[in-house]
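Q: Using the sequences and the hints given, assemble the complete structure.
Here is what each chain is made of, one letter per residue.
Protein chains: 4
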Amino acid sequence: MQTVGFIGLGKMGAPMALNLLKAGFAVQVFDRLSDLADPIVRAGATNHNNAHSASVNADIMISMLPASEHVESLYLGATGLLQHLTPGTLIIDCSTIAPASARRLHDAADGLGLAALDAPVSGGTTGAQAGTLTFIVGGLATNLQRARPVLNAMGKNIFHAGDAGAGQTAKIANNMMLGIMMVGTAEALSLGVANGLDPKVLSEIMTLSSGQNWALDHKNPWPGLNTNMPAANGYQGGFSVDHMLKDLGLAALTALQSGRATPMGELARNLFALHAQQGHGDLDLSSIIKLIDKKNSG
Amino acid sequence: MQTVGFIGLGKMGAPMALNLLKAGFAVQVFDRLSDLADPIVRAGATNHNNAHSASVNADIMISMLPASEHVESLYLGATGLLQHLTPGTLIIDCSTIAPASARRLHDAADGLGLAALDAPVSGGTTGAQAGTLTFIVGGLATNLQRARPVLNAMGKNIFHAGDAGAGQTAKIANNMMLGIMMVGTAEALSLGVANGLDPKVLSEIMTLSSGQNWALDHKNPWPGLNTNMPAANGYQGGFSVDHMLKDLGLAALTALQSGRATPMGELARNLFALHAQQGHGDLDLSSIIKLIDKKNSG
Amino acid sequence: MQTVGFIGLGKMGAPMALNLLKAGFAVQVFDRLSDLADPIVRAGATNHNNAHSASVNADIMISMLPASEHVESLYLGATGLLQHLTPGTLIIDCSTIAPASARRLHDAADGLGLAALDAPVSGGTTGAQAGTLTFIVGGLATNLQRARPVLNAMGKNIFHAGDAGAGQTAKIANNMMLGIMMVGTAEALSLGVANGLDPKVLSEIMTLSSGQNWALDHKNPWPGLNTNMPAANGYQGGFSVDHMLKDLGLAALTALQSGRATPMGELARNLFALHAQQGHGDLDLSSIIKLIDKKNSG
Amino acid sequence: MQTVGFIGLGKMGAPMALNLLKAGFAVQVFDRLSDLADPIVRAGATNHNNAHSASVNADIMISMLPASEHVESLYLGATGLLQHLTPGTLIIDCSTIAPASARRLHDAADGLGLAALDAPVSGGTTGAQAGTLTFIVGGLATNLQRARPVLNAMGKNIFHAGDAGAGQTAKIANNMMLGIMMVGTAEALSLGVANGLDPKVLSEIMTLSSGQNWALDHKNPWPGLNTNMPAANGYQGGFSVDHMLKDLGLAALTALQSGRATPMGELARNLFALHAQQGHGDLDLSSIIKLIDKKNSG
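From first to last, the protein sequence lines are chains A, B, C and D. First residue of the first sequence: 1, per our numbering; consecutive thereafter. First residue of the second sequence: 1, per our numbering; consecutive thereafter. First residue of the third sequence: 1, per our numbering; consecutive thereafter. First residue of the fourth sequence: 1, per our numbering; consecutive thereafter.
Don't take each hint at face value.
Identical chains share a label here; the pair holds if one copy fits it or two copies do between them.
Restricting the straight-line Cα-Cα distance to at most 25 Å, the calculated cross-link-like pairs of lysine to aspartate or glutamate (DMTMM-like) are [to be verified]: (1) K290 to D242; (2) K290 to E69; (3) K294 to D110; (4) K295 to D163; (5) K294 to D198; (6) K246 to E204; (7) K246 to D163; (8) K200 to D59; (9) K290 to E204; (10) K294 to E72; (11) K11 to D35; (12) K156 to D198; (13) K156 to E204; (14) K295 to D242; (15) K156 to E69; (16) K200 to D163; (17) K294 to D242; (18) K246 to D282; (19) K294 to D282; (20) K200 to D217; (21) K246 to D59; (22) K156 to D217; (23) K295 to D282.
Hints are computed from structural coordinates only; laboratory data are not their basis. Keep in mind it's a predicted model, so treat the numbers as computed, not measured.
A: Here it is in structure tokens:
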């Protein structure tokens, strides 16, 4: 049985660690907020006071942190975790961060004889709980092969996007597309309803036509249409506006750094930023309908 | 066997009329450009010198014309076709036009004891040829019931969007969504490739993740990825930039008239307008990648 | 002394009529809301029960109405005012309406031996009160020559934009530019302040640099900077968001009808539409800062 | 007479150094491309093989470099120029760089007892040659006081924007506004001309109305209107599309880092990026009309 060190026990990290326990891995956890470890410890994990302690004897280190700076702070520098790991340890960073940060981690790990993968996820808290996450992985195929047992314990689909950082790039491109589609879907429904259509009928038509998209099918923003979606529950839960905004920001940053034009992606970022400013950062991203059509969707 | 009058034999109308013949309907055709009738006549239709002649003894009249003004000019006014039709005749206008124009046709038909449906299509020339079009229908359910045999001869899916004009509104909302997704997909692929990803791998990841959408699956814009898509064939055929631009214009007009905000839809319209100005109006809409990423996709 | 019939006594029309009186013209007024006439009548105008009555013996008819449909309804059709005017009467429509509507009025007037000008204004209620409006005029130069005495009584600058409808087109293009600059100025100030700048200092720098523009100089959106601007007064008064939205809508409509790309103009329209949906339609257009930067400007 | 070390002799730096010589300063120059020094040496400067040599005995160091990385590389690090300067030396960096980079330079200079100002310029090559640049300065007022004689030799207006980095922030906010206005002006002229207006007449109207802005007045994009503007000269010279794109990129980066919404600024960046991709990066920014209205302006 392999031992996994797990750093970061937020809304995503906690259920992921629980699924590792269910699959039989020994799990050593750490989070700066020690309370977050309690339910995982009750399920069988050992709790640790710091990342270093959680990494002792670990075959694999997994991290699930909010942003680039947290990942760099955890692993890199003279006091970073990399300095303490046994050569051969496999690092799987599941955080969504800038591709450039991911490449810095890969390079530093390489230099110390460690193996690394960037493995951001898609699927949200629901997928994390159900163990049906999608992992989008960057790094060497041999390292991915080693990672498969733990990834399979937490998810359903595993994609090998390419070399170091490719997982982050693919995640960011995918989520930029999601943000664009979410706003677009809200606009299409708003336009239809304002002209007399039933939002349920319009949704059914679009999902079977060339307007079909994941946001419409899984996150229909019109309030009350589908009882199992956030829009039927005051937009609670799900993938938050603030997370969408973070990912659209990473996409814009990557576009700037690589000299690309992403006019729709950046407009989506700005619309989500306006929406967050209205105090809706914690709601599911489908709540963008409140910005687009305050009157009909309110 | 019912007799169908068919007006408008362009790239969409011609294969639709042929499918009616295959299904056993008697078809009486007219187009201002008389040459367009030749292949349909060879398949068994009768050709007529004007719309009035093509409508004599017709149980059902179908029209497939470029824009609102052509439909209004055909049917309405003191010399319009409505004046010549036998009460009870069913009019099925398959053109994509402004919802307001469609409602004018419905109202005028009503006043003369005629039945009308707006029934714009989705599926493009490929769908027209294969008889797999989607019809998005506005009007009374009883009229749609009468129309089903002819619609089934030309298409696969039939949606009843609602009352008079609802077919047009739903079509326009759907196609606005398609335009948004096409540009967004081009941006996502451009961003990924500029950062080292294989466009084929990124496409596969997105199609199985939350970036999944019809444009990516059926019209991947990256050149050469899928041999059966326009992008592998110099963007020939398919659904043209000029048609997309027309539909996005109808969406913007409808948004203006109903006081809606469609920021992404209108940006998509403007980007397709810039693309058309570069001389690409005849290409498939997936050619928008040429505007978004001239360097990598050219 | 010439007699002027004046139709439409709203926030713009009323002070314009008063300035005509001050300049010595006989003024015959009508508004559907009869109360609006009271202050003008006290200043010397005669009040009338309908437009026809207000036009009797008038050398010149002036109208200042909300939108295309009101202007068309006033003048055109079998019961329109044009049918009652003495040949040679000069019509000056100061409303801001669609260029196509303006051209319809010109054409109908021509056919009846009447003279017409489209003469929309710039300068807002402040300019209307001070008699410093700018008139942007479309129509024949000889007609404009006849109009100068009354226009000079109400304004300071008179521009001859071109033929029939050109006044409206120029007004719309100008106001689209204003809308773009207003949002842009709000964004620039928001960006500066979020990064530590004093909004007053940044405004002074921009006004003397290449960021200089009318919106910054006359409608600085930052709250409290200039005591004589709407932003120091809770955004009361001035040129309302709803009026800006109307003009940006006319610009978008004109762009659609003439096949133009106006990406910035249409984005500005959408942002003002989102802002109006938040309940701010009555505020001065500089209140758009509330949408762009809710936190810092609130 | 003070001695000034001057690093960076490109299209901006060269005429700035010449104006220092005219004003009587001793000037010690260095550029990696040694040929660029020739005309300045002929005018009386001394040429140096490296930045260190150019700084010996200098009271003031001025740098005018392309981007953040060049400035950081020049001054910072173990081998950077700061290590060689005599305490008390005043550094004036006139490059346009990220505010964060400027603050790093200020901090490092502070730590070594050096004085620093960020002083990016507005006015382009024409202003640099005429000695009429605008300096937008961040840093201590006492340091600015010391800098005034050299700044006055090169420019006309000096603004004190605030503390360290404030010059860069103000410059970036100002130039984002310029980019927005340039695209907006192109759209307004395109819309007017497509509807029958004379671009010269429309420009005159806007410049005296609420559409007035610096871009319209100094960089009218319509081809051939003003013989002294780039648009009359094939868009040669002036402020290039690539420079505009760089500044709009800095604005977007700053917006991302400070969590701001700049929808119009980011759309302008994307439109200039599309324009640059068409091969127009070297043209004056007013050439954006070629993207917006290829037909009428081509």
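Q: Evaluate each hint against the coordinates.
A: To see whether the hints hold, each was checked on the structure:
1. In this assembly of identical chains, the alpha carbons of K290 and D242 lie at most 25 Å apart whether taken from the same copy (15 Å) or from different copies (20 Å).
2. Taking identical chains as interchangeable, the C-alpha atoms of K290 and E69 are never at most 25 Å apart, the minima being 32 Å within one chain and 31 Å between chains.
3. With identical chains, the CA atoms of K294 and D110 are never at most 25 Å apart, being 51 Å at best within one copy and 36 Å at best between copies.
4. In this assembly of identical chains, the alpha carbons of K295 and D163 lie at most 25 Å apart only when taken from different copies (23 Å versus 47 Å within one copy).
5. In this assembly of identical chains, K294 and D198 lie within 25 Å of each other by CA distance solely inside one copy; the values are 17 Å within and 33 Å between copies.
6. In this homomeric assembly, K246 and E204 come within 25 Å of each other (Cα to Cα) only across copies, at 24 Å, whereas the closest approach inside a single copy is 31 Å.
7. In this assembly of identical chains, the alpha carbons of K246 and D163 lie at most 25 Å apart only when taken from the same copy (23 Å versus 29 Å across copies).
8. Proximity of K200 and D59 under a CA criterion of 25 Å is satisfied in neither setting, with 50 Å inside one chain copy and 33 Å between copies.
9. Taking identical chains as interchangeable, the C-alpha atoms of K290 and E204 lie at most 25 Å apart only when both belong to the same chain, with a minimum of 21 Å there against 32 Å between chains.
10. For the identical chains of this complex, K294 and E72 are neighbours neither inside a copy (40 Å) nor across copies (32 Å), given an alpha-carbon limit of 25 Å.
11. For a Cα distance limit of 25 Å, the shortest separation of K11 from D35 inside one copy, 13 Å, qualifies, whereas the shortest one across copies, 60 Å, does not.
12. In this homomeric assembly, K156 and D198 come within 25 Å of each other (Cα to Cα) only across copies, at 22 Å, whereas the closest approach inside a single copy is 35 Å.
13. Taking the shortest alpha-carbon separations for K156 and E204, only the inter-copy value of 15 Å comes in at or below 25 Å, while the best intra-copy value is 27 Å.
14. In this assembly of identical chains, the alpha carbons of K295 and D242 lie at most 25 Å apart whether taken from the same copy (23 Å) or from different copies (16 Å).
15. Neither within a single protomer nor between protomers do K156 and E69 lie at most 25 Å apart by alpha-carbon distance, with minima of 28 Å and 43 Å respectively.
16. With identical chains, the CA atoms of K200 and D163 are at most 25 Å apart between copies only, with a shortest distance of 15 Å across copies and 43 Å within one.
17. For the identical chains of this complex, K294 and D242 are neighbours both inside a copy (19 Å) and across copies (16 Å), given an alpha-carbon limit of 25 Å.
18. Taking CA atoms no more than 25 Å apart as the test, K246 paired with D282 passes inside one copy only; the shortest distance there is 12 Å, against 34 Å between copies.
19. In the homo-oligomer, the alpha carbons of K294 and D282 lie at most 25 Å apart both inside one protomer (18 Å) and across protomers (17 Å), since each shortest distance falls under that limit.
20. With identical chains, the CA atoms of K200 and D217 are at most 25 Å apart both within one copy (12 Å) and between copies (24 Å).
21. In the homo-oligomer, the alpha carbons of K246 and D59 never lie at most 25 Å apart, since the shortest distance is 31 Å inside one protomer and 46 Å across protomers.
22. When the C-alpha separation of K156 and D217 is checked against a cutoff of 25 Å, the pair qualifies both within a copy, at 19 Å, and between copies, at 21 Å.
23. For the homomeric pair K295 and D282, the shortest alpha-carbon distances inside one copy (21 Å) and between copies (17 Å) are both at most 25 Å.
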